[in-house]
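For reference, the chains in residue letters:
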Amino acid sequence: MQTSATPRSLGWLLLPALLVLALFLGSVVLLFLNAFWTKDGFSLVYFRQIVERPDYHEVFLRTASISVVVALASAVLAYPIAWLLWRLPRWRNLLLVIVLVPWLVSLVVRTYGWLVILGPKGFLNEALAWIGAIQSPLPLIFNDLGVVIGLTHVLMPFAVIATLSVLLQIDTRLEEASESLGASDLATWCRVVLPLSLPGVFTGISITFLTSMGAIVTPILLGGLRQKMAGTQIYQEVVYNFNMSKASAWALCLLLLSGLGLVVLRAVEGALVPKADR
Amino acid sequence: MRRGSIAVTGVGKEFGATTVLNEVDLAIEGGSFVTLLGPSGCGKTTLLRLIAGFLEPSRGAIAIDGAAMQGVPPRRRPIGMVFQNLALFPHLDVFENVAYGLKVRGTPATDIAGPVSRFLGLVGLAGFERRRIGQLSGGQKQRVALARSLVLEPAILLLDEPLSALDLQLRRQLQVELKSIQRQLATTFVFVTHDQEEATLLSDIIVVMDGGRVQQVGTPGEIYRRPASPFVARFVGDINMLPGRIVSVDAASAEIEIGGRRFRLPLAAVVGKTRAGASCEIACRPESISVQPASGANTDPGTSFGARVGALHRLGPMLKVSFDTVHGPLTGLMMTNAPAAQLVENQSVQLSIAADSLTVFANP
Chain U
1 MQTSATPRSL GWLLLPALLV LALFLGSVVL LFLNAFWTKD GFSLVYFRQI
51 VERPDYHEVF LRTASISVVV ALASAVLAYP IAWLLWRLPR WRNLLLVIVL
101 VPWLVSLVVR TYGWLVILGP KGFLNEALAW IGAIQSPLPL IFNDLGVVIG
151 LTHVLMPFAV IATLSVLLQI DTRLEEASES LGASDLATWC RVVLPLSLPG
201 VFTGISITFL TSMGAIVTPI LLGGLRQKMA GTQIYQEVVY NFNMSKASAW
251 ALCLLLLSGL GLVVLRAVEG ALVPKADR
Chain P
1001 MRRGSIAVTG VGKEFGATTV LNEVDLAIEG GSFVTLLGPS GCGKTTLLRL
1051 IAGFLEPSRG AIAIDGAAMQ GVPPRRRPIG MVFQNLALFP HLDVFENVAY
1101 GLKVRGTPAT DIAGPVSRFL GLVGLAGFER RRIGQLSGGQ KQRVALARSL
1151 VLEPAILLLD EPLSALDLQL RRQLQVELKS IQRQLATTFV FVTHDQEEAT
1201 LLSDIIVVMD GGRVQQVGTP GEIYRRPASP FVARFVGDIN MLPGRIVSVD
1251 AASAEIEIGG RRFRLPLAAV VGKTRAGASC EIACRPESIS VQPASGANTD
1301 PGTSFGARVG ALHRLGPMLK VSFDTVHGPL TGLMMTNAPA AQLVENQSVQ
1351 LSIAADSLTV FANP
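Protein sequences appear in the order of chains U and P. Quick note: the first sequence, position 249, residue 249 per my numbering, numbers continuous. Quick note: the second sequence, position 161, residue 1161 per my numbering, numbers continuous.
Don't read these hints as lab results, they were simulated from the structure. In this text the structure is predicted, and so the values were computed from the model without any measurement. Just so you know, not all the hints are guaranteed correct.
So the derived label-pair ranges between C-beta atoms look like this [unchecked claim]:
no., chain 1, residue 1, chain 2, residue 2, range
1, P, GLY1138, U, THR172, 19 to 27 Å
2, U, VAL101, P, SER1058, 33 to 41 Å
3, U, VAL268, P, ARG1002, 48 to 56 Å
Note that the Cβ used here is the ideal one computed from N, Cα and C, for glycine as well.
Can you make the complete structure from the sequences, with help from the hints?
Printed below as a string of structure tokens:
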């Protein structure tokens, strides 16, 4: 056997990791400090604001519901794509590139792309007007629908990858076994493939839900002027109002809400997926 | 005729440019235990998957109980299958695995528990209903896979090397149980293996395959005593192969020469094109070699020849002996407690071989 260098002499390799950890923990500590210590000393004023102001409730509620819709839409749209990628091993790499290629374009550019398609004078409205399906442009953008469309487009590839990675672990002999026991393709999918791929679907939902909870760029560009999400509110406090304490209080509440969402998601997964398979 | 007969006629299979099966003809009787035996890559698993319907033949036809199977998907064939890796459903417990086939066939819930517990009992897993697959041992998984297929009472059960992952002890035990279950149910079992001992132990009929062709079909005894080709002779059981020559041939017998000695054999013991002057291989089973002490008074120089004892291997009650002879190395097999088996290394002995135990393969 080859003798490796002693652990002590390799200790310096940990330095970058420790640096990242220190920065991460430091920022969390700063977040807490900022949230509770305003320029007037210890204060819960921004938390009280969040608890008391109905317009702030609305922002959190909108953030959560948009994120739930985006996560579910991503999961539903991603599943057939992941299934296709799994079923067509010969085309898998090419199709995967097509799924991921939007990531090569900056988020802002991609989001502006939706303006061109969904805007009042965008491609879709013009086309629908031209065939006479609509009299006035549909409000597809600068509202919650626009945010959902934009975020789903950005986040769906994560759900595809999460679902595909679990599908790829399914033994194809299981499908043959199911068929030899008399099951049709549909029955095999319902009774074997879907239950075994659910963990991947739930991973995808977790990723898209959490990312969507913290979204900033897409809601700013595609959302309505007065229909903020928590991320945009925080962005505004930091960039325009320089109110770090308020931004931190919001960030903590958003973190709490995201954590709550994850707990609910785990409970649903626990009810649907048997323990031994997780 | 009993249910579960299979007729394979002129079946060939290509994967791209590779021919995996070549003009296979095979008739399997209903209710029998048939083994497809051969080295890896001989086409035995392909043939099994063709019968199951997971593959369609490139040529030829397969019929089950007289019904043509072309274009019939596996789920509509009267077959069950036990896979090499078992392919149990990991998200279902033992009961649900066995109940799976009944459920997808729309069996009313009240008619499921009965058969499931009956077949779990048959394979010796009563009381394991609520265990998860991950909690089972290799042998128990094996039994679940068996019950899962058998609960649908298929006419034919196809088994693709299901025991190959188990250790020898457990393997022997399950072989015995498998055979007894097959006898009880009278289901046709088609069993794929590369283990000739397993095939000999289990089968009514062995189909020896090599290079995508059927080499021989017969009972384990026939295949052992009268191998149809040097390949079969070498693959099934231990064998000594000695080079020789066919001296002359008449209506009933052939005269064979080996190392300067000549003897006559009935033509039935000669395989291949028999003509005078052809070289041949002489197959001799180790247990048909008998040993006498070199100094023995009754040694007949005409039928026996001298040898030196090489390595001795004890195999339980049997003793395997390597001899160095004028004809080359020979392996002998005898009961350890036989008088002739009291041998030591480098001892000189006389060997004789009963001519009627030999099979001669004429070289083309």
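Each hint tested on the structure:
In this structure the supplied range 19 to 27 Å holds for GLY1138(P) paired with THR172(U), their Cβ-Cβ distance being about 21 Å. For VAL101(U) and SER1058(P), the Cβ-Cβ distance of about 40 Å falls inside the hinted range of 33 to 41 Å, so the restraint holds. Between VAL268(U) and ARG1002(P) the CB atoms are about 52 Å apart, so this pair conforms to the stated range of 48 to 56 Å.
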